[in-house]
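Trainee: We have chain A; now place chains B and C onto it with these hints.
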Amino acid sequence: MHSEIIMAGFGGQGVLLIGKLLAYAGMKAGNEVTWMPAYGPEMRGGTCNCTVVLSDKPVGSPITRSPHALIVLNLPSLEKFESAVRPGGVIVVNTSLINRLPARSDVRTVPVAANEIAQEAGTPKAANMVALGAFLGATGLGDMAVVKEVLGETFASRPKLIDLNQTCLDRGYEIGKACAAQARS
Amino acid sequence: MPTPIITKDLCKGCELCVHACPEGVLEMSTEINAKGYFFPVAAHPEKCTGCRYCLLVCPDTAIQIEAKGKVTVRTEGLTDKQFHYCPGCTHGVIHRLVAECLEELGIRERTVGVAPVGCSVLAYDYFNCDMHEASHGRAMAVATGIKRGRKDLVVFSYQGDGDLASIGMAETVHTANRGEKITVIFVNNAIYGMTGGQMAPTTLAGQVASTCPLGRDVNHAGWPIRVVELLQSLRTPAYLARVSVHDPKSILAAKRAIRKAFKYQIDGVCFSFVEVVSTCPTGWGMQPHESCNWLEENMIPYYPLGEVKTPETAA
Amino acid sequence: MAKKLMKGCEAIGEAAINAGCRLFFGYPITPQNEIPEYLSARLPQVGGTFLQAESEVAASNMLYGAAGAGCRVFTSSSSPGISLMMEAMSYLAGAELPVVVVNIMRGGPGLGGILPSQSDYFQATKGGGHGDYRVLVLAPSTVQEAVDLTQDAFDLADEYRNPVMVVGDGLIGQMMEPVEFKRTISPEDLPPKPWATTGCAGRKPNIINSLLLNPEHLEAHNWHLHRKYQEMVKEIRWEDWLLDEPVDVLIVAYGTVARICKTAIDVLRARGIKVGLFRPITLYPFPEPQLSAAVDKAKKVLVTELSTGQMLEDVRAVVAGRKPVSFFGRVGGMVMTPEEIEHEVDKLVVQG
Numbered sequence: 101m102h103s104e105i106i107m108a109g110f111g112g113q114g115v116l117l118i119g120k121l122l123a124y125a126g127m128k129a130g131n132e133v134t135w136m137p138a139y140g141p142e143m144r145g146g147t148c149n150c151t152v153v154l155s156d157k158p159v160g161s162p163i164t165r166s167p168h169a170l171i172v173l174n175l176p177s178l179e180k181f182e183s184a185v186r187p188g189g190v191i192v193v194n195t196s197l198i199n200r201l202p203a204r205s206d207v208r209t210v211p212v213a214a215n216e217i218a219q220e221a222g223t224p225k226a227a228n229m230v231a232l233g234a235f236l237g238a239t240g241l242g243d244m245a246v247v248k249e250v251l252g253e254t255f256a257s258r259p260k261l262i263d264l265n266q267t268c269l270d271r272g273y274e275i276g277k278a279c280a281a282q283a284r285s
Numbered sequence: 002m003p004t005p006i007i008t009k010d011l012c013k014g015c016e017l018c019v020h021a022c023p024e025g026v027l028e029m030s031t032e033i034n035a036k037g038y039f040f041p042v043a044a045h046p047e048k049c050t051g052c053r054y055c056l057l058v059c060p061d062t063a064i065q066i067e068a069k070g071k072v073t074v075r076t077e078g079l080t081d082k083q084f085h086y087c088p089g090c091t092h093g094v095i096h097r098l099v100a101e102c103l104e105e106l107g108i109r110e111r112t113v114g115v116a117p118v119g120c121s122v123l124a125y126d127y128f129n130c131d132m133h134e135a136s137h138g139r140a141m142a143v144a145t146g147i148k149r150g151r152k153d154l155v156v157f158s159y160q161g162d163g164d165l166a167s168i169g170m171a172e173t174v175h176t177a178n179r180g181e182k183i184t185v186i187f188v189n190n191a192i193y194g195m196t197g198g199q200m201a202p203t204t205l206a207g208q209v210a211s212t213c214p215l216g217r218d219v220n221h222a223g224w225p226i227r228v229v230e231l232l233q234s235l236r237t238p239a240y241l242a243r244v245s246v247h248d249p250k251s252i253l254a255a256k257r258a259i260r261k262a263f264k265y266q267i268d269g270v271c272f273s274f275v276e277v278v279s280t281c282p283t284g285w286g287m288q289p290h291e292s293c294n295w296l297e298e299n300m301i302p303y304y305p306l307g308e309v310k311t312p313e314t315a316a
Numbered sequence: 210m211a212k213k214l215m216k217g218c219e220a221i222g223e224a225a226i227n228a229g230c231r232l233f234f235g236y237p238i239t240p241q242n243e244i245p246e247y248l249s250a251r252l253p254q255v256g257g258t259f260l261q262a263e264s265e266v267a268a269s270n271m272l273y274g275a276a277g278a279g280c281r282v283f284t285s286s287s288s289p290g291i292s293l294m295m296e297a298m299s300y301l302a303g304a305e306l307p308v309v310v311v312n313i314m315r316g317g318p319g320l321g322g323i324l325p326s327q328s329d330y331f332q333a334t335k336g337g338g339h340g341d342y343r344v345l346v347l348a349p350s351t352v353q354e355a356v357d358l359t360q361d362a363f364d365l366a367d368e369y370r371n372p373v374m375v376v377g378d379g380l381i382g383q384m385m386e387p388v389e390f391k392r393t394i395s396p397e398d399l400p401p402k403p404w405a406t407t408g409c410a411g412r413k414p415n416i417i418n419s420l421l422l423n424p425e426h427l428e429a430h431n432w433h434l435h436r437k438y439q440e441m442v443k444e445i446r447w448e449d450w451l452l453d454e455p456v457d458v459l460i461v462a463y464g465t466v467a468r469i470c471k472t473a474i475d476v477l478r479a480r481g482i483k484v485g486l487f488r489p490i491t492l493y494p495f496p497e498p499q500l501s502a503a504v505d506k507a508k509k510v511l512v513t514e515l516s517t518g519q520m521l522e523d524v525r526a527v528v529a530g531r532k533p534v535s536f537f538g539r540v541g542g543m544v545m546t547p548e549e550i551e552h553e554v555d556k557l558v559v560q561g
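Chains as they are written, first to last, in the numbering used here: chain A, 101 to 285; chain B, 2 to 316; chain C, 210 to 561.
Hints listed in this document are in silico derivations from the structure and should not be mistaken for laboratory results.
Just so it is clear, the structure is predicted and the values come from calculations on it, not from any experiment.
Heads up, some of the hints might be wrong.
Said to hold, decoys possible - Here are some of the chain C residues that sit facing chain A, going by a computed Cβ distance under 7 Å:
no., residue
1, 214
2, 240
3, 384
4, 386
5, 468
6, 469
7, 472
8, 548
Stated by the list, open to error - Here are some chain B residues the structure puts well away from chain C; computed CB gaps all over 10 Å:
no., residue
9, 2
10, 36
11, 65
12, 74
13, 75
14, 88
15, 104
16, 167
17, 197
18, 215
19, 219
20, 222
21, 261
22, 314
In this text, a Cβ means the ideal position worked out from N, Cα and C, and glycines have one as well.
So that you can see chain A by itself, here it is in the shape it has in the complex (with noise of 0.2 Å):
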């Protein structure tokens, strides 16, 4: 197994949250892996973004040119990243803000509201954890009960947080599932 994942939206979006959280639960599976965030100036404000390796070996580059999957939590993402994604790839794509989806066809698209699934979960703010859920719906990475464990973890000081986060990323995770199954059939 070897993975590579760029996660990208607007700085805030938390993007780089679920990035750590993907990359804690693959250590505790007793995977190898790396979390790089981009921190150069487009930190501060515009799009942000950050690599994620999950790997059965010891990693060599943290960094990569053709990820395996994105996610995508805004449109000036998709329009960076969309054609790096390697052919059989997955995009999953945070349908509430981008208003198009990848023109290939040589990727699978997940597509998601994510701030409206979030928003009628409690909060707009756990957008980046549908998308999370989505992703390891649709490609069956990484195990939800470790991630949901790590997310625990993450939000032990804040536990009213952790239900919401939690359904958040169950009410992803469904669709990205379905997402898969739908691609399979």
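Mentor: Chains B and C alone, transformed into the frame defined by chain A:
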């Protein structure tokens, strides 16, 4: 009857003692010592009252006083090494005052001093305690490192005007502002001595130096910096004093201030800073006793003496 | 101890604490701020002191004071800040004081940028400040290695009474990876330093000094330092990767660049191209004999760095004309991709 005892080979012939003696006990010899200097002799020992003025002003610890069968001794706060300073340079006096405080306060064996770059760069050879030699201007940063690492130590820096008020001004302001529990001895002689008499940040308006041959032009170089007053504008530093070493009474007052400064550190009270207005006969181009007069007439009006701030007045 | 997922910078801070260091002096500069930020919270918890200095100049001189007083002490900065510390570095080397300095390198010259770079190689390995001196330089390529080397750096600094520098780039500082802290020592258990300025009770005063006005003494001191640097070859560390068999192309790279090369090598190997990697871990002393042996197994050598060719000079000196040496560099904060490395290797293979 008290008598001055002169170790003639320590003498550099500055004559400060002759001018300081209120009774006319001392005269300069007609023969020279091993260094080639004329040295003082007690020509009229019967006039000696034991006031110790000669001992106080001697920059080379060449004079002790015998009275009632006892002889004063060179402080153990100094090593046996002879000072390399020019004849009449008051660094020697200030070294002795600091060293006496280390001895009298019983802190010599737990004190670390920091020497600067400047005339007193070799101070580590003279103070009989653990010493660091710092790079130019950084003595207070070095002292901060020592004190923060070992709070049980007494730490002092000994710095000149170029070191402390020019290249090291940032360290000076910030060390004071953090209230580091250290003691700073700031020797202000208004000139760069070691490099040969260039303008210092404290060179007086109109004062001639090798890089201001027509005298300091304040429109070009700005006014000389009054460091104590500058630090006074900060809220944290709590013991700020300015003293002088141009005559015996001033030297005694300087000693009291230095002692107090160390005491505040030992008691963990505050950052303590003593500016010592001093002379540079060589750099100023004057006889040692003339430079003391010049200091009194020119420096003290611009650099007024006294305790500008104490923890008691600050509170 | 269980593995923790940590940012490189924070892991370096924790490593220093595990090495018995309780003192940090520093000044903020991107991209290493997580080190001082982490330690400002963490050091007080273990009875240590974090102090934000007024400048890198002051911070590095605080190190001089604390190290002279016998304390384990360290600082971190990034390229422009490290330049400001070079004066103190020279004094530290001259006065033979053990300190650890971490440089999370960013692109230069001047203010440059804040993105990853390896362009301070010359400064780190050739002394950096004035005078004839060297510091031992360690270059980790993973966060775990950053932890291990930072801890080792304190021991090496004490052993040689010399500054030790750990150089990383922005990638390693910002990246998160699982780490394990394998050993820990408390300050009380560290070996004593009888030369330190701890107060002269019961002994002659100790003096921390780099001023030797007598030229004969200064010459003797310089040769003493030189011999010490030569002894450091015992500490040489390197990694041979896929070099059991002869290779068509030997890649020489250090730090995170080396792991980017490993990804490229995986792909190249899968395509049947024989490529291996030599990774210096100590940049000073440079692993000359070890690299020479690796060069013997290769037809061609490719050096790749985040600079316009600095380590390249040391590699060329080792190769000494025996094999063709080519170079691929990215600078200014641009980082090479595995694809670019593949492309460079392909070019060399096609040339035959």
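Trainee: Against the structure, test the hints numbered earlier, and report the numbers of the ones violated in rising order.
Mentor: Hint check: nothing fails, all pass.
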